[in-house]
Structures are given as C-alpha cells and as structure tokens.
Amino acid sequence: MIPRPRPERFRLRRTMMFMNAQKPGLIKDAYIYGVDSIMLDLEDAVAENQKDSARFSLYHALKTIDYGETEVIVRINGLDTPHWQEDIRVCVAGGADGIRIAKCESANDVKTVENAVEKAEEEFGVENGRTLLMAALESPKGILNAYEICSASERMFGVAISGGDFRKCMQTTPQRDGIDMVVARGQMLIAARAAGIQCFDTVFTNLDDNEGFLEEVKQNKAMGFDGKSLINPKQIRPVHEIFAPTEKEVIQAEKIVRAVRENAAKGLGVFTVDGKMIDIAFLPGAERTLRLARACGMYEGDLV
Amino acid sequence: MINKVGRDIPDFLLKDGKEVYQGKNYMDGKYTCKASPKTRRYERPQESKIAESIVKALKDCGAKSGMTFSFHHHLRDGDFVVNMVMKAAIEELGLDNLTIAATSLGSAHDPIADYIEQGKVVGIQTSGIRGRMGEVVSAGKLKTPAIIRSHGGRPRAIEGGEVHIDIAFIAAPTSDCVGNCRGIGGKSNCGSLGYAMTDAKYADHVVVITDCLVDFPNMPASVEAIDVDSVVVVDSIGNPKKIASAAARISQNPRDLMMAENVAKVIASTPYFKDGFSFQTGVGGPSLAANLFLEKYMDEREIKMGWAIGGICGPMVELLKKGKVGKVIDVQDFDLDAVNSINQTPNHFEMSASQYANPANKGAFVNKLDFVVLAALEIDTGFNVNVLTGSDGVLRGAPGGHPDTAAGSKCCIIVTPLIRGRMATVCEHVVTVTTPGDCVDVLVTDYGIAVNPLRPDLIECLDKAGIKHVTIEELKEKAYSLVGRPDDLQWEDKVVAVLEARDGTILDVVKKIKPYNP
Chain A
1 MIPRPRPERF
11 RLRRTMMFMN
21 AQKPGLIKDA
31 YIYGVDSIML
41 DLEDAVAENQ
51 KDSARFSLYH
61 ALKTIDYGET
71 EVIVRINGLD
81 TPHWQEDIRV
91 CVAGGADGIR
101 IAKCESANDV
111 KTVENAVEKA
121 EEEFGVENGR
131 TLLMAALESP
141 KGILNAYEIC
151 SASERMFGVA
161 ISGGDFRKCM
171 QTTPQRDGID
181 MVVARGQMLI
191 AARAAGIQCF
201 DTVFTNLDDN
211 EGFLEEVKQN
221 KAMGFDGKSL
231 INPKQIRPVH
241 EIFAPTEKEV
251 IQAEKIVRAV
261 RENAAKGLGV
271 FTVDGKMIDI
281 AFLPGAERTL
291 RLARACGMYE
301 GDLV
Chain B
1 MINKVGRDIP
11 DFLLKDGKEV
21 YQGKNYMDGK
31 YTCKASPKTR
41 RYERPQESKI
51 AESIVKALKD
61 CGAKSGMTFS
71 FHHHLRDGDF
81 VVNMVMKAAI
91 EELGLDNLTI
101 AATSLGSAHD
111 PIADYIEQGK
121 VVGIQTSGIR
131 GRMGEVVSAG
141 KLKTPAIIRS
151 HGGRPRAIEG
161 GEVHIDIAFI
171 AAPTSDCVGN
181 CRGIGGKSNC
191 GSLGYAMTDA
201 KYADHVVVIT
211 DCLVDFPNMP
221 ASVEAIDVDS
231 VVVVDSIGNP
241 KKIASAAARI
251 SQNPRDLMMA
261 ENVAKVIAST
271 PYFKDGFSFQ
281 TGVGGPSLAA
291 NLFLEKYMDE
301 REIKMGWAIG
311 GICGPMVELL
321 KKGKVGKVID
331 VQDFDLDAVN
341 SINQTPNHFE
351 MSASQYANPA
361 NKGAFVNKLD
371 FVVLAALEID
381 TGFNVNVLTG
391 SDGVLRGAPG
401 GHPDTAAGSK
411 CCIIVTPLIR
421 GRMATVCEHV
431 VTVTTPGDCV
441 DVLVTDYGIA
451 VNPLRPDLIE
461 CLDKAGIKHV
471 TIEELKEKAY
481 SLVGRPDDLQ
491 WEDKVVAVLE
501 ARDGTILDVV
511 KKIKPYNP
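Residue numbers (my numbering), protein chains in the order written: chain A, 1 to 304; chain B, 1 to 518.
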C-alpha cells in the first residue's frame, strides 16, 4: 500500500502521457520517463468487454506502485456509458490524484462527476475534496460551454481539448499550421484563464513526423498552454525543452521577483528593472517562470 | 584463496604460477616470454596446398588424440566449421582426448555437447559458451574445467604459451590455393578476421577451410599463406543469414532510448568528451542507441570522434561515412553494412584480437580507449559484472571484450534495465564475476544512474552537469522491492569452469549447479 500525498491543484503539468490502464508492463513504472503526469486510460484504449479487468489492473497499480512525484490521473469512460460510476469508485478507492472527465459538455457534467466522487470519497474513507478533476472538451458544444465547465467546481484544475473527436465534429483533419483548431484552442484557453485553471493541448499522433510535432508544441507554448497530452515517452523531452524558459528569461524573472519584494518593503509600487517599468502585476508571471526553471533544472535559488 | 573481488578460488587451481585476481593492472610492467610454434618448412616451390578433405588435412598435419584444435567465431551462430572438423577428427579418424580452443562458441555448436558427453572432447577454452554445450559443461560432464577468457585474455594466453594450439582451423569466406584468406568476396562473408590472426601465427599447423576458392593472390589477406599448411574447399562454411544480420537497427523502444540518452549525457559530462575522443559500444538495444544521442552532443559541441573500435555495425559505419569519426578499427563485424565497409570505406581498418585487447602486448587499442558502453546480465553493489552465467547458474554467455575494454577505458559505462522479467539485474552478488568492479565506472539503468565510489572525479562531473545519480545500493533495493529477493543458488564442489581475468589471474570459478530444491 503506497500512500500518496494530497494532490496539488496547481502544479507543473507540461506533459501528460496516456497509457492503457490494462497494460501492467506499461503502467508499472511509467514514472521513469520523467513525465509530469501520467494519464491511465479506462476509456478508448480499453475494449468494451475489458473494462472490468482494466479497473482491477488500475486499482492494483495505484495501490502497489510508488509513482513518487509523478501525478497519476485517470481518464474515465463517458457519462453516456454504463462504466463511469464504477470507474470513479475505483479511482477514489485506489487514491488517484485526479480524474479526467471524457466528452465533457456542460457544467452539469462536471457536477455529476463531482457528486459521484464525493460519494466515493465518503464510501472509501478518503479525505473530502482530495480527488481533483479535469475536463476533456471533445465537441463543439463542449468548446462553447468552456467557461461554465472550467468554473464548475473547486476540484477543477484544468481543461484539455481532445483533437480526434473534435476535428471529426468539425469535419476537418489535422493541419500543419493548426488552423483546424485555432478557434477552439483559443476559446478554451480564454475560458481556462478566465476561470483561473490550467489548459492542455491534444495529442499529436503521428510519431514519425517529429518536425510537425515540434511545430505544434511551439505553437502550444506561444498560445499560452500549460502543457500537452502525449502518447509516447519519446515526446516528453522535446515538450519539456520547448516549454523551458530561456536563460535570459530566468535571469529577468529572478530580478523582477527580487525587485518587487525589495521595493514592496520600501513601500514602492512601480520601479524599473533594466530600464523596463515593472509593478506587482509582473510578479505571478516571474514566479511561474522560476518554478518552471526549477523543474527544468535551470534554477536552484530560493525565491520560489 | 579469496581474491580481490571476494571470490574463493580453490587451491588446486593455483599451480604453475597461477594466481588469484589481485586488482586492476597487477601484471603491469612484468615480463613475459612469448611462445613460438613448431612449424613445418615449405621450401620447395609448390602449386597448391589444397587437401581433398578435412580428414586429409588432419592427417597431413599429424592430427592425433590429445591435441588442441582452435577455431574463430567470425561466422557466429552460422558457423559450420567447428562441427565439421570435430566430426571428421572424432568419427572418421577416431581421435579422442581433444581440446577445443575457440575464440567463442554458440548454439551453432550444440553437436559438440555429444562429444563432451562421450568423453571425446575433454577440454574447452573459449570466451563464449551457450546452448547445449553450456548445459553439459554446467552439469559437470566435461573432463577438465572449461577455461573462459576474454577476447584480450585469449591472445595473451596463446602468445604466452599457456595455450598451445596444435592445429588452427581458419574458416575463410575466401582463400586462394595457398591459404591467403579474406573475410569478404565469397558467399559467407563476415568482414574482419581479427580473431583468427593470433591463432594463425602461434599454431603449429594451420588449416584453412573455405567455400570460395579465388585466384592467387587473395589480397589484402587477413590470414597469410606464410602461416598456412593446408587449404580445404567445402560446399559451405556457414549459414550467411546467421553470420551477419541485415543492417542493425537502432531500437525504437522508449526505455532503451531513455537509457541511451542518459549514457550520452554522462559521456558528454566528462572531460574525456572532447575533439578526437575514442569510443566503443555494443550492439544491444540501449548501447547501440547511444550512438544516436552521442552524435547530437558531438554536433552541439562541434567535435568529432577520433576513432572507434570493437565489434562494428552499421550505425558506426554511417558515422564514419558522414565524417564524424576519424577511423574505425574493427576486430569483428556484426551486420552486412559493416561487412561491406571494412577495408572498402576509407579509414575503416581491420585489426587482430591481440591488437584490440591483449593486455600483455605493448599497444592494445582498449588501453587507449576513452569510453566504452557495455551491457550486463547482472551487476552487483561492488560494480562486479556477470555476462557469463544465467540466474540459474548455467553457462550461457560470453565475457568477450567486456573485461578488456572495461579495464582499459577511462570511463566504462554499463547500461542495463534494472530488472528483466522477474530477475533483478542490479543485485547483492553476481552469480559469476566476469568483469571486476574496479574496472566499471558508471551504471545507467532505467530507474537511475549510479557512479562507482572509486571515481569521485566522475561523480563531480555528473553533479556539475546536473545529472541526478543515486547509490548502487539504492538501485539494488529498488530492484528487489519490485521483483523480490531470490534465494541463493546451490552449488556442488566440482568446478566446471574457470574464469580468467584478462591478465591471466583467476577471477572466479563456476561450479556444478545443484538441482533446485526449495
């Protein structure tokens, strides 16, 4: 029995790697690749007549494997299936850090899951509110309702778009420049930021097209995503590299954090750093850069 | 007597000046006398040395019971020659009491197990032993303990007279009628013939066995006619499909790639990683993949590899052709890309096993090596490596060049998954020590990296580069926490194999295994 610490609602989640919960060989040590979060899948990766065995495998993995600091999230089956309630009981009983709600279309969907999670927490004696939630938006309706979904629960830490289903609904296919999903990604990002939660991009499925993958990750970063869903360990490092701040950004952030704290002590609200006007509004961004830098092994100071 | 790696070596083995392992470089500076073979003069001008059959060649060379026959393993698991020769000697000529001294033996030689059981073959000296032969030797059926040597230890023992070869049999992809041999140009190409070279120079008699007779002179020859007594032409010396694989591909397994990347990171963190550095790697998944990541670091730092050695395969040839390696010097070829490149691609050279790895000569390549990346069946908390015996105690592997390159290189990196199935690779005590821990510097596993405490300089390099590492004890505990702690193997007293360190001292012995009885 491996006790896991209480999950942090907001933590570094640059990479979330999907793995079939039914494959012990894969999930037994998925943490060794250095991914921020692993996403154990009970949904599409598991055949309809194997849902039960996947839950067993998942439960025992959660109970016996020490995933250390790697976050463990479970993708449960959709609310239109007969599986999701049992999926939630297993996640909570096993002590998963979070649950990803598949095909989420409304705040009500989030609340439905939240209620089931609460009941399961009570049933299994798990601390109330421990199990976090995130939503996957897979349909135009989900995108249109993004803000109400993002702000539906205190348990919600993030939202992700699922490109496969969404593109089918929109009658499009993956485009090199991302034009196929630019509006959806944008709307979801705005909603997530407005609700104060994190936002993750969809998987890139063509493992042979490394260049296309790198372009997409760069665009993700430029748009302001917190991270990306992945399907293979070899995708982890490039994402971490692209999401890493530059050395210049780290130095700048360090200066800003120091300056804000020092000037606050002196009672100054606005001042300049290297000739640029800086005020308190720059602090959260600078602190985020330093946290990211620390995760990337670029910062060892004590400011964050 | 307990040796430097804590193994108890039975006293009966410590005669005629044999000593137990005393640590790395113990023999350095000592003098050794070279043995010389007794060879026949061929003064009279001759048209050809072709003998009509192996039996005829054996007779011409005065083959008799009690002799030592040598073989090379360039035909790997495709080899027909060992079985062919032993069959002729034992079944047609009725010889017995024979010793096989081979550079390595594999499952292609399963039929030899029968001759061991019949008591016709009484001695085995080799680097590798696998398949049925490994099983019968482990079962105590060979009359004398098998002697296991590294690729460098073998030419040392031959040159120093510890092994006297009566007849060396050289399987040759091509030969002319007087015995100039090459590893290419025929139907069973193997590329380099590096392992055969010392045998040809130090055996009393040399018989070339080929399936492709070419016009005289077959140049440039790897084994020269000046050392050859007889040439026998047979239908086929081996199965080409098993001699050299199609192009060795770099693994796509994410676990292998992650380990390979960490190997490259470790290499790039050391002071030896500079323009002109030298390198050897194995052909296993993560070892071979290290090439890929190393190339990235070389590009980043704008440096080139000076030279690479070893068993060679396609990815290294590729680097040579791209101009990223100065020279490739090759004792053995593992795939067709390498076979087709040796002596063809500029700066791709052949060398003998002695030049490659013999610690008793004056210029072995391994002793100038910066980095070597090697695999392991097991590694223990003393960094001792086993690449010979399985977890069941049965002989099923080969030290090969492992102990030589580990000892000679400035930085020896072992790369292996922490567990294989239910076996812990990182363990308390390896079954057999084949490479002593004082020669191993860094261990890279899928669960973490450990540096030998004997190398505080390397620990500092990793720390400076921000490469996380743990103690090897932590890795061992992690492995046992995942798969459990195995019971100790149970042995009988009978020694079935003696493991020589590369310098000729005794590193370990393998005893007869008791059947498992829980």
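Rather than coming from a laboratory, the hints here were simulated on the basis of the structure. Please note that a few of the clues may not be correct.
[Unchecked claim] Derived lysine to aspartate or glutamate pairs resembling EDC-like cross-links, with alpha carbons at most 16 Å apart:
hint, chain 1, residue 1, chain 2, residue 2
1, B, 296, A, 29
2, A, 28, B, 438
3, B, 478, A, 300
4, B, 464, A, 300
5, A, 234, B, 446
[To be verified] Sample of chain A residues with no beta-carbon within 10 Å of chain B, all distances over it, derived:
hint, residue
6, 23
7, 29
8, 32
9, 33
10, 115
11, 125
12, 129
13, 165
14, 193
15, 232
16, 233
17, 234
18, 280
19, 297
[As the list claims (entries may be wrong)] Pair by pair, the computed Cβ-Cβ distance ranges are:
hint, chain 1, residue 1, chain 2, residue 2, range
20, B, 12, A, 5, 39 to 47 Å
21, B, 83, A, 25, 49 to 57 Å
22, A, 25, B, 272, 54 to 62 Å
23, B, 272, A, 125, 50 to 58 Å
24, B, 471, A, 190, 32 to 40 Å
25, A, 231, B, 272, 35 to 43 Å
26, B, 32, A, 68, 51 to 59 Å
27, A, 274, B, 481, 23 to 31 Å
28, A, 300, B, 271, 40 to 48 Å
29, A, 222, B, 392, 41 to 49 Å
30, A, 285, B, 481, 38 to 46 Å
31, B, 13, A, 5, 35 to 43 Å
32, B, 464, A, 68, 49 to 57 Å
Nothing here was measured: the structure is a model prediction, and the numbers come from that model. Each residue gets a CB set at the ideal place from its N, CA and C atoms; glycine is no exception.
A quick look at each hint next to the structure:
Note on residue 296/B and residue 29/A: the hinted pairing is violated, with a Cα-Cα distance of about 27 Å set against a maximum of 16 Å. Taken as a hint, the residue 28/A and residue 438/B pair is broken in the structure, with Cα atoms around 33 Å apart against an allowance of 16 Å. With a CA separation close to 28 Å, the supplied pair residue 478/B and residue 300/A exceeds the 16 Å bound. A distance of roughly 13 Å separates the Cα atoms of residue 464/B and residue 300/A; the hinted pair therefore holds under the 16 Å criterion.
Proposed proximity of residue 234/A and residue 446/B is supported: the alpha carbons are some 14 Å apart, at most 16 Å. With a minimum CB-CB distance of about 13 Å to chain B, residue 23/A clears the 10 Å threshold, and the non-interface call stands. At the 10 Å boundary, the C-beta of residue 29/A falls inside the reach of chain B, the nearest C-beta of that chain being 7 Å off. Remark: the non-interface label on residue 32/A conflicts with the geometry, its nearest Cβ contact in chain B lying 5 Å away (cut-off 10 Å).
Against the 10 Å criterion, residue 33/A falls within the reach of chain B, whose nearest CB is about 6 Å from its own CB. Every CB of chain B is more than 10 Å from the CB of residue 115/A (nearest about 38 Å), matching its label as outside the interface. A cut-off of 10 Å between C-beta atoms confirms that residue 125/A is not in contact with chain B; the least separation is 27 Å. With a least CB separation of 32 Å from chain B, residue 129/A remains clear of the 10 Å interface cut-off, as annotated.
Look at residue 165/A: its CB is around 26 Å from the nearest CB on chain B, clear of 10 Å, so calling it non-interface holds up. For residue 193/A, the shortest C-beta to C-beta distance to chain B comes to about 32 Å, beyond the 10 Å cut-off, and the non-interface label holds. Residue 232/A, annotated as away from the interface, has a beta carbon of chain B within 10 Å; the closest lies near 6 Å. Taking the minimum C-beta to C-beta distance to chain B, about 4 Å, the non-interface status of residue 233/A is violated against the 10 Å cut.
Residue-level check failed: residue 234/A sits 6 Å from the nearest beta carbon of chain B, not beyond 10 Å. Remark: the non-interface label on residue 280/A is consistent with the geometry, its nearest Cβ contact in chain B lying 32 Å away (cut-off 10 Å). Here residue 297/A does not stay apart from chain B, with its beta-carbon only about 5 Å from theirs, under the 10 Å limit. Checked against the hint of 39 to 47 Å, the pair residue 12/B and residue 5/A fails, with Cβ atoms roughly 60 Å apart.
Look at residue 83/B against residue 25/A: about 39 Å separates their beta carbons, and that is not inside 49 to 57 Å. At roughly 37 Å, the beta-carbon separation of residue 25/A and residue 272/B lies outside the given 54 to 62 Å, and the hint is violated. A hinted range of 50 to 58 Å for the beta carbons of residue 272/B and residue 125/A is consistent with their spacing of about 56 Å. Evaluation of the 32 to 40 Å hint for residue 471/B and residue 190/A yields a failure: the beta carbon distance comes to about 49 Å.
Checked against the hint of 35 to 43 Å, the pair residue 231/A and residue 272/B passes, with Cβ atoms roughly 37 Å apart. At roughly 53 Å, the beta-carbon separation of residue 32/B and residue 68/A lies within the given 51 to 59 Å, and the hint holds. Here the CB-CB span from residue 274/A to residue 481/B is close to 51 Å, at odds with the stated 23 to 31 Å. For the pair residue 300/A and residue 271/B, the beta carbons lie near 23 Å from each other, so the given range of 40 to 48 Å is not met.
Checked against the hint of 41 to 49 Å, the C-beta distance between residue 222/A and residue 392/B comes to roughly 57 Å, which is inconsistent with it. For residue 285/A and residue 481/B, the hinted distance range of 38 to 46 Å is satisfied, since their beta carbons lie about 42 Å from each other. Range check, residue 13/B to residue 5/A: about 56 Å between beta-carbon atoms, so the 35 to 43 Å window is missed. In this structure the hint that residue 464/B and residue 68/A lie 49 to 57 Å apart at CB is violated, the actual value being about 25 Å.
Hint check: violations occur at hints 1, 2, 3, 7, 8, 9, 15, 16, 17, 19, 20, 21, 22, 24, 27, 28, 29, 31 and 32; the rest are consistent with the structure.
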